[in-house]
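Trainee: As a plain string of letters, each chain reads:
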Amino acid sequence: METLVYKRPESLLKDGQFTFCPGCGHGVVLRIIAELIDEYNLKKDTIAISSVGCSIFLEKFFDLDVAGASHGRSPCVATGVKRCKPDKFVFTYQGDGDAATIGFNETIHTACRGEHITTIMINNTNFGMTGGQASATTLVGQVTTTTPKGRKPELTGYPLHAAEIIAGCEGTAYAARVAITTSKNIRQAKEAIRKAFEAQIKGLGYGFVEVLAACPTNWHMKPIEAVKHIDNIIEQVHPLGVFKDVSAQETK
Amino acid sequence: MGRIVIDRDVCKGCYLCVEACPKKLLKKSQTPNLHGDFPAEFVDEKNECIGCAMCAMNCPDVAIKEVYR
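If you read the sequences in order, they're chains Z and Y.
The numbering used here puts the first residue of the first sequence at 1, with every later residue one more than the last.
The numbering used here puts the first residue of the second sequence at 253, with every later residue one more than the last.
Just so you know, these hints were derived from the structure itself, not from any lab.
In this text, all values refer to a predicted model and were calculated from it rather than measured experimentally.
Accuracy of the hints is not assured; some may be wrong.
Here are the simulated lysine-lysine pairs, PhoX-like style, with alpha carbons at most 25 angstroms apart [said to hold, decoys possible]:
no.	chain 1	residue 1	chain 2	residue 2
1	Z	K43	Y	K317
2	Y	K279	Z	K228
3	Z	K222	Y	K317
4	Z	K228	Y	K298
5	Y	K298	Z	K222
6	Z	K228	Z	K88
7	Z	K60	Z	K88
8	Y	K280	Z	K44
9	Y	K279	Z	K222
10	Z	K44	Y	K276
11	Z	K222	Z	K44
12	Y	K276	Z	K228
13	Y	K317	Y	K276
14	Z	K7	Y	K317
15	Y	K280	Z	K7
16	Y	K275	Z	K7
17	Y	K280	Z	K202
18	Z	K7	Y	K276
19	Y	K317	Z	K60
20	Z	K184	Y	K317
21	Y	K298	Y	K279
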């Protein structure tokens with residue numbers, strides 16, 4: 001007798017196939033979010049806020065209500081939605097170009113206000129959709145279309161560590177950085193996103209999860225090489241970990 | 253034992269599942285799919301699959317849509 005141990009999440013549209021490049025990390029994170037929404041039975045009560053970049057296509061994939069926002073302003077739109085409808089579950093899905101570069105001011109102030117929303121930020125260290133320009137999180141020495149000789153600190157500064165900065169804000173209930181490279185890391189990523197969602201469901205404050213994801217096209221690597229590049233190089237600059245967890249502090 | 257269902261026409265051929273399978277039961281197919289990609293193929297002649305769903309967990313396109321144990 002066979003038992004079904006895994007199936008496509010119900011919150012994903014049946015014909016909503018992902019349109020990302022082969023090996024792109026977005027698909028794994030979107031699937032994790034859909035699985036968690038199924039587990040918490042929030043499909044009818046969720047409002048997702050999409051952003052600008054590769055993370056824009058939420059309504060093509062999710063069987064949920066989705067609102068679009070201008071570049072970097074998803075946390076503001078989410079704030080408005082959550083304040084009007086406090087019983088709804090509101091999350092934003094953003095890339096590093098959106099949440100950490102163009103809209104970092106909005107992200108910080110949303111964290112300082114302690115809005116009861118969740119942000120999932122995909123960090124692939126460049127602006128993926130527009131052809132791989134450098135973003136704030138680009139590593140020193142990384143070659144992108146706007147840093148053809150590698151990022152130089154004297155000219156363009158050092159990489160920004162979003163999860164640590166958000167963890168320093170008082171309104172933040174949960175801030176973590178995870179990666180989706182191996183099966184173990186994917187499980188940990190799911191647990192981190194679960195905790196960030198629970199912070200909102202319990203009304204503790206702002207949940208922020210930064211996910212290191214591969215961008216094989218703009219890194220000019222094969223998918224398997226790109227995943228190993230995260231484990232070997234990017235995690236040295238952007239270390240994994242939980243930087244703030246209010247629910248764990250309370251139980252101590 | 254276990255078994256997986258791969259949607260051939262959704263697979264884009266990144267082969268992250270090939271890397272993830274602990275029993276090495278997945279490989280590159282020799283025939284292209286609708287989009288011209290060579291999808292991953294499940295070959296389990298000795299019934300070795302344990303149904304761990306690690307391939308499905310790593311698949312960025314939800315092309316591995318069902319796992320049975």
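Trainee: Take the hints in turn and mark each one as holding or not.
Mentor: Hints, one by one, checked against the model:
For the hint pairing K43 (chain Z) with K317 (chain Y), the CA-to-CA distance comes to about 20 angstroms; that is within 25 angstroms, so the pair holds. A hinted pair counts as satisfied when its Cα atoms are at most 25 angstroms apart, and K279 (chain Y) with K228 (chain Z) qualifies at roughly 19 angstroms. With a C-alpha separation of about 23 angstroms, the suggested pair K222 (chain Z) and K317 (chain Y) falls inside the 25 angstroms cut-off, and the hint holds. For a cut-off of 25 angstroms, the pair hint linking K228 (chain Z) to K298 (chain Y) is broken: about 31 angstroms separates their Cα positions.
Proximity of K298 (chain Y) to K222 (chain Z) is assessed by CA-CA distance (about 31 angstroms); at most 25 angstroms being required, the pair is judged violated. With a CA separation close to 38 angstroms, the supplied pair K228 (chain Z) and K88 (chain Z) exceeds the 25 angstroms bound. Distance check on the hinted pair: K60 (chain Z) and K88 (chain Z) sit about 21 angstroms apart at the alpha-carbon level, within 25 angstroms; holds. Simply put, K280 (chain Y) and K44 (chain Z) have alpha-carbon atoms about 39 angstroms apart, too far for the 25 angstroms limit, and the pair is violated.
This hinted pair checks out: K279 (chain Y) and K222 (chain Z) have alpha carbons roughly 16 angstroms apart, not beyond 25 angstroms. For the suggested pair K44 (chain Z) and K276 (chain Y), the alpha carbons sit about 40 angstroms apart, so the restraint of at most 25 angstroms is broken. As the CA atoms of K222 (chain Z) and K44 (chain Z) are separated by approximately 38 angstroms, the hinted pair breaks the 25 angstroms bound. For the hint linking K276 (chain Y) to K228 (chain Z), the alpha-carbon distance of about 19 angstroms falls within 25 angstroms, and the restraint holds.
Among the hinted pairs, K317 (chain Y) with K276 (chain Y) is consistent with the structure: their alpha-carbon atoms are about 19 angstroms apart, no more than 25 angstroms. Only pairs whose Cα atoms come within 25 angstroms are accepted, and K7 (chain Z) paired with K317 (chain Y) is accepted, the gap being roughly 5 angstroms. As the CA atoms of K280 (chain Y) and K7 (chain Z) are separated by approximately 22 angstroms, the hinted pair is consistent with the 25 angstroms bound. A C-alpha spacing of about 21 angstroms is found between K275 (chain Y) and K7 (chain Z), which places the hinted pair at or below 25 angstroms, so the restraint holds.
Our distance criterion of 25 angstroms between C-alpha atoms is broken by K280 (chain Y) and K202 (chain Z), whose separation comes to about 45 angstroms. The suggested pairing of K7 (chain Z) with K276 (chain Y) holds, with an alpha-carbon distance near 21 angstroms, which does not exceed 25 angstroms. A hinted pair counts as satisfied when its Cα atoms are at most 25 angstroms apart, and K317 (chain Y) with K60 (chain Z) qualifies at roughly 18 angstroms. In summary, the hint linking K184 (chain Z) to K317 (chain Y) is supported, as the alpha carbons are separated by about 20 angstroms, within the 25 angstroms threshold.
Proposed proximity of K298 (chain Y) and K279 (chain Y) is supported: the alpha carbons are some 15 angstroms apart, at most 25 angstroms.
Violation of the numbered hints given earlier is confined to hints 4, 5, 6, 8, 10, 11, 17; the remaining hints are satisfied by the structure.
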